[in-house]
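Enquirer: From first to last, the protein sequence lines are chains A and B.
For the first sequence, my numbering begins at 10 and goes up steadily by one.
For the second sequence, my numbering begins at 7 and goes up steadily by one.
Honestly, the hints are just simulated from the structure, not real lab data.
Check before you lean on any hint, since a few could be wrong.
Taking lysine-lysine pairs in the DSS-like style, the calculated list, with each CA pair at most 30 angstroms apart, reads [claimed, not checked]:
| hint | chain 1 | residue 1 | chain 2 | residue 2 |
| --- | --- | --- | --- | --- |
| 1 | B | K9 | A | K64 |
| 2 | A | K75 | B | K79 |
| 3 | A | K73 | B | K9 |
Under 10 angstroms between C-beta atoms, here's a sample of chain A residues computed to sit facing chain B [claimed, not checked]:
| hint | residue |
| --- | --- |
| 4 | Q51 |
| 5 | S98 |
| 6 | T116 |
Virtual Cβ for every residue (Gly too), placed ideally from N, Cα, C.
So the chains spell out like this:
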Amino acid sequence: GAVVSQHPSWVICKSGTSVKIECRSLDFQATTMFWYRQFPKQSLMLMATSNEGSKATYEQGVEKDKFLINHASLTLSTLTVTSAHPEDSSFYICSARWGRQGTAGYTFGSGTRLTVV
Amino acid sequence: AQKITQTQPGMFVQEKEAVTLDCTYDTSDPSYGLFWYKQPSSGEMIFLIYQGSYDQQNATEGRYSLNFQKARKSANLVISASQLGDSAMYFCAMRPLTDSWGKLQFGAGTQVVVTP
Numbered sequence: 010g011a012v013v014s015q016h017p018s019w020v021i022c023k024s025g026t027s028v029k030i031e032c033r034s035l036d037f038q039a040t041t042m043f044w045y046r047q048f049p050k051q052s053l054m055l056m057a058t059s060n061e062g063s064k065a066t067y068e069q070g071v072e073k074d075k076f077l078i079n080h081a082s083l084t085l086s087t088l089t090v091t092s093a094h095p096e097d098s099s100f101y102i103c104s105a106r107w108g109r110q111g112t113a114g115y116t117f118g119s120g121t122r123l124t125v126v
Numbered sequence: 007a008q009k010i011t012q013t014q015p016g017m018f019v020q021e022k023e024a025v026t027l028d029c030t031y032d033t034s035d036p037s038y039g040l041f042w043y044k045q046p047s048s049g050e051m052i053f054l055i056y057q058g059s060y061d062q063q064n065a066t067e068g069r070y071s072l073n074f075q076k077a078r079k080s081a082n083l084v085i086s087a088s089q090l091g092d093s094a095m096y097f098c099a100m101r102p103l104t105d106s107w108g109k110l111q112f113g114a115g116t117q118v119v120v121t122p
């Protein structure tokens, strides 16, 4: 149980275009979704936290107008990289929190490798 | 603020040997959870083991065990009988239970390479 499906797994796009990444919780309701960015050989950097039906909370230094997050339902959260540039090339991964506060666990999507050319 | 430190950027271990991955943390929260994840080259994050700060016993999950020393604020992962498939990046993470968002803070990671 507790599976998160992330699509696409990889995408190549031209500079200036927008790319949408989807994360779906398949067998549970994800009230909270986290979006991370990871550069090669580095750790996961939290970009934003989203709760279903409300605006995402962005970490300091993350451009909210560039990285649009929508968490419209309990099973779907999307990250749109707008007007992508080569420096946005990275590995993006989502994570859904399940369970109650003290016993919550986390399920990660399989990640999206974005290359902007 | 919380901080997770993994001091070993990379390690080689021989197949069938045990390996210990270090993790220390710094937090003022009295309640927290500690996690270890494995990330193979394919990129997915695989949950390995969890330790709650008030758990009396060290967590174990198959070949994985967590050496939790609360006073030293360390939560080292021990992998016994290493296998070639254990080659991956390993991340230690912490969640303060007082954080209503439930954000995870990750360490820098340790790259493990298992050799035949």
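Enquirer: Decide, hint by hint, whether the structure agrees.
Expert: Status of the hints after comparison with the structure:
Under the criterion of a C-alpha separation no larger than 30 angstroms, the hint pairing K9/B with K64/A is consistent with the structure, at around 27 angstroms. As the CA atoms of K75/A and K79/B are separated by approximately 38 angstroms, the hinted pair breaks the 30 angstroms bound. Between K73/A and K9/B the alpha-carbon distance is near 25 angstroms, which keeps this suggested pair within the 30 angstroms criterion. Nearest Cβ of chain B to the Cβ of Q51/A: about 7 angstroms, under the 10 angstroms cut. The hint holds.
Given hint, S98/A at the interface with chain B, is violated; its Cβ is 14 angstroms from that chain's nearest Cβ, farther than 10 angstroms. The beta carbon of T116/A comes within 8 angstroms of a beta carbon in chain B, closer than 10 angstroms, and the hint placing it at the interface holds.
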